[in-house]
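Going line by line, the protein sequences match chains A and B.
Note that the first sequence ends on residue 1185 in the numbering used here; no numbers are left out.
Note that the second sequence ends on residue 1185 in the numbering used here; no numbers are left out.
These are calculated hints, taken from the structure and not from any lab test.
Where a beta carbon is used, it is the ideal one built from N, C-alpha and C, also for glycine.
Treat the hints with caution; some may be incorrect.
What the hints assert, rightly or not - Just a sample of chain A residues kept apart from chain B, beta carbon distances all over 10 Å, derived:
hint, residue
1, Phe1036
2, Lys1066
3, Ile1068
4, Lys1117
Said to hold, decoys possible - Derived pair list, reagent style DSS-like, types lysine-lysine, alpha-carbon separation capped at 27 Å:
hint, chain 1, residue 1, chain 2, residue 2
5, B, Lys1048, A, Lys1043
6, B, Lys1044, A, Lys1048
7, B, Lys1044, A, Lys1044
8, B, Lys1144, B, Lys1032
9, A, Lys1033, A, Lys1048
These are the residues of each chain, in order.
Number of protein chains: 2
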Amino acid sequence: MPKKIKFIFVGKIKKRFWKEVEGFYEKRLSPWFVIQKIIIKDGDSSLCIEDRVRIESDRILKKVQSNDILICLDEMGKMFSSGQFAKKLTKWIESPGKVPCFAVGGPYGIHDTLKKRSDFLMSLSPMTFPHEMARIILLEQIYRAKQILNNAPYHH
Amino acid sequence: MPKKIKFIFVGKIKKRFWKEVEGFYEKRLSPWFVIQKIIIKDGDSSLCIEDRVRIESDRILKKVQSNDILICLDEMGKMFSSGQFAKKLTKWIESPGKVPCFAVGGPYGIHDTLKKRSDFLMSLSPMTFPHEMARIILLEQIYRAKQILNNAPYHH
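When you get a sec, could you build the whole thing from the sequences and use the hints?
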């Protein structure tokens, strides 16, 4: 039975090609997961960065439920190889009564309050990526994790 | 005057959305760089992985010139933050009479002979990415590097 997996992303993706890549990987995940994707309105761009990040993180927090395992992307988070991530993901997915919930902030990242609530902070790379790209890499890595766990020929 | 930068990629990108993302970043780089992009034919998929990788790497090597600073993406390569990469890129770009040449292998990576000829092996992340995604991340990081060096507001 497909497991539930939840994503909380900040801001609608504007560029068509990013939307298409996101859709492509969501479709690839769909045989294994019931995906719940929540798009949070991004903070007003007239605000200072600090206020914008705080508001966006508050909005994310309102969508987090008590049974969510909250995994936030953060540049100070822990890095994994794809194989290590596959193991970690399995652990999260198989936690009884729990739902893995991945949150990706907006262009300026996430606020300390959200980091404190997180069960896990993870980083995709020491490099900084656009948040649209971070979303896509995350989806691809979840797909790759399933392929690794299934010993499928994708994971080269 | 725009500096020359060279890319050697293995295989045509098949999916339209990846092509579009690649085109988007190439356009963003065009004010600063004269881009030379060489697409190498990928090795026959009926070959064993070892042969395929060797053939692809030989084809890459044939396109490398003596004045190229050859930077190959490789999972065992050095990782940088975007800021560190910006500094490194500046050094490469400003080497007199030299051209930075970035090579990205096919799905199975690159052969030892190519690694040995490389001036630098770099890795984008401890995670493994599809090679189309690696190309795009590389282009985006070069664009980001220029923004960082110009103190432009992009690099959040």
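Going through the hints against the structure:
No Cβ of chain B comes within 10 Å of the Cβ of A:Phe1036; the nearest lies about 18 Å off, and the non-interface call holds. Every Cβ of chain B is farther than 10 Å from the Cβ of A:Lys1066; the closest lies at roughly 18 Å, confirming the non-interface assignment. Separation of A:Ile1068 from chain B is adequate, the least Cβ-Cβ distance of about 19 Å exceeding the 10 Å criterion. Even its closest Cβ contact with chain B, about 12 Å, leaves A:Lys1117 beyond 10 Å, as expected for a residue assigned away from the interface.
Only pairs whose Cα atoms come within 27 Å are accepted, and B:Lys1048 paired with A:Lys1043 is accepted, the gap being roughly 17 Å. About 14 Å separates the Cα atoms of B:Lys1044 and A:Lys1048, which keeps this hinted pair within 27 Å; it holds. Restraint check: the Cα-Cα separation between B:Lys1044 and A:Lys1044 comes to about 16 Å, which is no more than 27 Å; the hinted pair holds. Only pairs whose Cα atoms come within 27 Å are accepted, and B:Lys1144 paired with B:Lys1032 is accepted, the gap being roughly 25 Å.
At roughly 22 Å between alpha-carbon atoms, A:Lys1033 and A:Lys1048 fall within 27 Å of each other, so this suggested pair holds.
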